[in-house]
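Trainee: Got chain A; can you put chain B on it based on the hints?
Protein chains in written order, with the numbering used here: chain A, 1 to 227; chain B, 1001 to 1730.
Hints should not be assumed to be uniformly reliable.
[To be verified] What follows is a list of derived Cβ distance ranges for each label pair:
#  : chain 1 : residue 1 : chain 2 : residue 2 : range
1  : A       : Glu-213   : B       : Asn-1080  : 29 to 37 Å
2  : A       : Gly-170   : B       : Ala-1689  : 49 to 57 Å
3  : A       : Gln-175   : B       : Lys-1392  : 41 to 49 Å
4  : B       : Lys-1290  : A       : Glu-37    : 44 to 52 Å
5  : B       : Lys-1136  : A       : Lys-220   : 48 to 56 Å
6  : A       : Gly-170   : B       : Gly-1069  : 41 to 49 Å
7  : A       : Gly-170   : B       : Lys-1392  : 35 to 43 Å
8  : A       : Lys-69    : B       : Lys-1188  : 34 to 42 Å
9  : A       : Phe-129   : B       : Lys-1290  : 56 to 64 Å
10 : A       : Asn-159   : B       : Thr-1718  : 38 to 46 Å
11 : B       : Lys-1188  : A       : Lys-66    : 31 to 39 Å
Just so you know, the hints here were simulated from the structure itself, not pulled from any lab data.
Just so you know, even glycine gets a beta-carbon here, dropped at the ideal spot from N, CA and C.
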Amino acid sequence: MKSSVITFPGSNCDRDMDVALKKFGFKNKMVWHADTELPKSDLVVLPGGFSYGDYLRCGSMASKSKIMKSVINFANSGGIVMGICNGFQILVETGLVPGVLLRNKYLEFICKNVFVKINDKKNKYFKNFDNEVLEFHIAHNEGNYFCTYDQLKEIEDNNQIAINYCDENGKIEDQFNPNGSIKNIAGIFNKEKNVLGMMPHPERMIDPSLSGEDGSLFFKNLINNLK
Amino acid sequence: MIVNEQIAVDHGLKENEYAKICELLKRTPNITELGIFSAMWNEHCSYKSSRLHLKKLPTKGKKVIQGPGENAGVIDIDDNDAIVFKIESHNHPSFIEPYQGAATGVGGIMRDIFTMGARPIANLNSIHFGSPQNKKTKNLLRGVVHGIGGYGNCMGVPTIAGQTSFDSSYNGNILVNAMTLGLVKKNKIFYSKAAGLNKPIIYVGSKTGRDGIHGASMASASFDEKIEEKKPTVQVGDPFTEKLLLEACLELMAGDSIIAIQDMGAAGLTSSSIEMASKGNLGIEINLNKVPCRETKMTPYEIMLSESQERMLIVLENGKEEKAKKIFDKWNLDFAVIGKTTKSKKIELYFDEEKVADIPINTLVENSPMYDRKWKKAKLPKKNKIKKEDIKHLKIIDVLKKILANPNVCSKEWIWQQYDHTVMGDTIQKPGGDAGVVRVHGTEKAVAASVDSSAVYCWAHPLTGGKQVVCESFRNLISVGAKPIAITNCLNFGSPENEENMGEFVECVQGIGEASEYLKFPVVSGNVSFYNQTKDQGIKPTPTIGGVGLIKDYKNMITMDFKEVDNLVLVIGKTEGHIDQSLFARNILDEKNGPPPEVNLFNEKNNGETMLKLIDNNLIKSAHDVSLGGIITAVAKMCIKGKKGINVKKPKYLINEIEYLFAEDQGRYIIEINKKDFKKVTDILHKNAVHFDDLGIINENELYINNKTKVTIDELSTSNKSWLTNYMSK
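Isolated chain A, as found in the complex (with noise of 0.2 Å):
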């Protein structure tokens, strides 16, 4: 399986990302934001960091880079992109997902593990998972997930949620929501489902010694899935 992770200007988890694709079996390559041409791939990574400093609207800047006219061709043609944290915040500003993330409620950044509970597993990053829950990790600022009540109603229709922050028994309730998202939603995926944008870390899940594995289960089920 062939991979790509886009480095942008003031990306951070791009060599993190890198790591665990190529841990779990992907043949990785890293992709430099001012080229133009998609190496031959079977999974786009857009990682997380801060890219162009996120200092017009998180992502914006990023989702107008050269590389993005291939990655949203290749996205539009059903290749599956992946964006995690920033690089969901640049896929809601691509317009490749619905939806907008604010700062969070608390208006801190938060960096902790959380729960987060598998809402559609009828979609290449989910299929055949054991699990109902997983234990993510986040790392964020601005990840409160927002959108308008039609464009929530049509998700909801098309079950285009992914995950939502849960406890460890896969309650979702408010009191579980980091960050303030609507519905606690930490993951949606475009109609199709070939594209998911969400903002927990999987990579920095993928060693008993770090903060914990099930970012490994993650890793192993879509290479699995995409073979």
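Mentor: Coordinates of chain B only, in the frame set by chain A:
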């Protein structure tokens, strides 16, 4: 503008210093030259009050590759790997403008690290605020935490450990000390010593603006009622540009183009160019029209004194300019050839084809003032005797809960949750433990780091306090299973012109020196911050020690959470019952006098080394050093972290229960061991003549004390975790 004595005084120079400048130059300096002198001769850059005493610190050791004098210290961690690290203060700017002050402190220290070719792998910080009741404290705390997070998070470097304290002596002068560790290959370390004639001097990074002019001078003076006017001296940080600068520099460093490199920190272009020339015993010529400027019509004076952030100065090999420029173009950073090295041994500046400064380098560096300031030796205070009637009514559990909720002991999760502590994917011990630990990427090794300070002990008796901080750092590293290697220090004091404050400095440094010599824990880098003072009110002496240690196999790292019910808990080291200056004495009995706990370096070393032997033999399940709040506080924290309880039994010593549980004697650890290992453990302890107490057995979820009194761990946890969150949300 014609320079005179009054203008020099307005620049923070003393009358005699101005006279010395005129004498050295054999003429009156012009305004640009005066600016350069004031920047180089202020306390912050010249160390004029501290140099004499810092020389006495032990700085050498088998593992030391580079001691003080460079951008940062470097230690050997085997296999051609080295760790570059340093701590630095950003106290004055952080009080004036907490967000930018703290942010640029973090940015500055990271630049010191990657200037040497190392990729930053961990950040730490030690921050000190006034009393929680002080009306400024909350905003300062929030601003500083946001600033540290804002910069470090954007850079993608994990913040792995820290220390926060509150004390009314910081009401008018908060402390923000930032530390960074970087990883480098031993054969790829870069230094700031220029070499060779006619080599191009390159300016890279952000453009120069009018921000931060006189920042270093501001940090070399006490505060008064005009403090608000000093806001423009605070620099403004741009972590995004610094991230680009980091990547561009490391990319350039992978090749062989660089002769010397120096970041523009305090006193900007002035100190960076002069330091490089001075170390290489060369001259330097700069055309100031070539310096990329953010604003129009900047004068030579402003260009030389600006402390705009995210800039570097490089001496390049001839002919490598194009290749280097390509890299900086790729990262969208300014790149300009602004001058060259010369044999003149002078700094010569040109602007609009006119020579605007011409100063021999040695007058700025070697001939800068050095003072042997008057200082007063501190007396060891007399011991207090605790009166029975003062403690008779005390209920141990209530006292414990109070201590766990004390601002200086309580959980600092509210703070460190705002720092990205997991980016880079190698953080194996998060904040909240004895030390932060990160793996050396792609290897079995891990590096542990801790920051410590004990201002109360230093205030009570500076010599003892100085020793104690080093020992505490030593213990914190050992508690996570790391072998301590070296330290960096950040010496925060009041005015050196005050004999008491100067005495505190001299004796703390002496204490640090004695302990680091004895423990073979040398000082490889550091920074002095004087004038942490508002009018004539100085802070408590606060030397901060940043310690670094190595864990050979990260799988053997120790954490402090109790692991298993029925395991045994021992106290390593002897408890004499020293209550004076303890948290218990100060906060429960309201007794602020008396000496700090004595430091016995032999015991520290012996206990620590024996701990490492136990760890090497895989005999320790969890460990924690005993510090603020004594044995019972340490044990309670291990219970809270491990969500387990313990039955504590006071050994049959002569001292009473309160003294045993709350005393802050030094050189002690709490360890958890498996019952079946008891003999193996005690054999090693006996063999090394280390005193230990059998403290108790781990249970499910309650803390029992001598079978008399108990409390659930949930209750203790609530006491420990709620204070800061409640305080900040009010």
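Trainee: Are the hints correct? Go through all of them and say.
Mentor: Tested hints:
1. Against the hinted window of 29 to 37 Å, the Cβ-Cβ separation of A:Glu-213 and B:Asn-1080 comes to about 31 Å, which satisfies the hint.
2. For A:Gly-170 and B:Ala-1689, the hinted distance range of 49 to 57 Å is satisfied, since their beta carbons lie about 55 Å from each other.
3. For the pair A:Gln-175 and B:Lys-1392, the beta carbons lie near 44 Å from each other, so the given range of 41 to 49 Å is met.
4. Taking the beta carbon of each, B:Lys-1290 and A:Glu-37 are about 38 Å apart, not inside 44 to 52 Å as hinted.
5. Look at B:Lys-1136 against A:Lys-220: about 52 Å separates their beta carbons, and that is inside 48 to 56 Å.
6. The hint said 41 to 49 Å for the Cβ distance between A:Gly-170 and B:Gly-1069, and at roughly 58 Å that hint is violated.
7. Between A:Gly-170 and B:Lys-1392 the Cβ separation comes to about 52 Å, which falls outside the hinted range of 35 to 43 Å.
8. Take A:Lys-69 and B:Lys-1188: their Cβ atoms lie about 38 Å apart, and the range 34 to 42 Å holds.
9. The hint said 56 to 64 Å for the Cβ distance between A:Phe-129 and B:Lys-1290, and at roughly 59 Å that hint holds.
10. Taken as a hint, the range 38 to 46 Å holds for the pair A:Asn-159 and B:Thr-1718, whose Cβ atoms sit roughly 40 Å apart.
11. One distance hint, 31 to 39 Å for the beta-carbon pair B:Lys-1188 and A:Lys-66, holds here, with the actual separation near 32 Å.
Comparing the model with each numbered hint stated earlier shows that hints 4, 6 and 7 do not hold.
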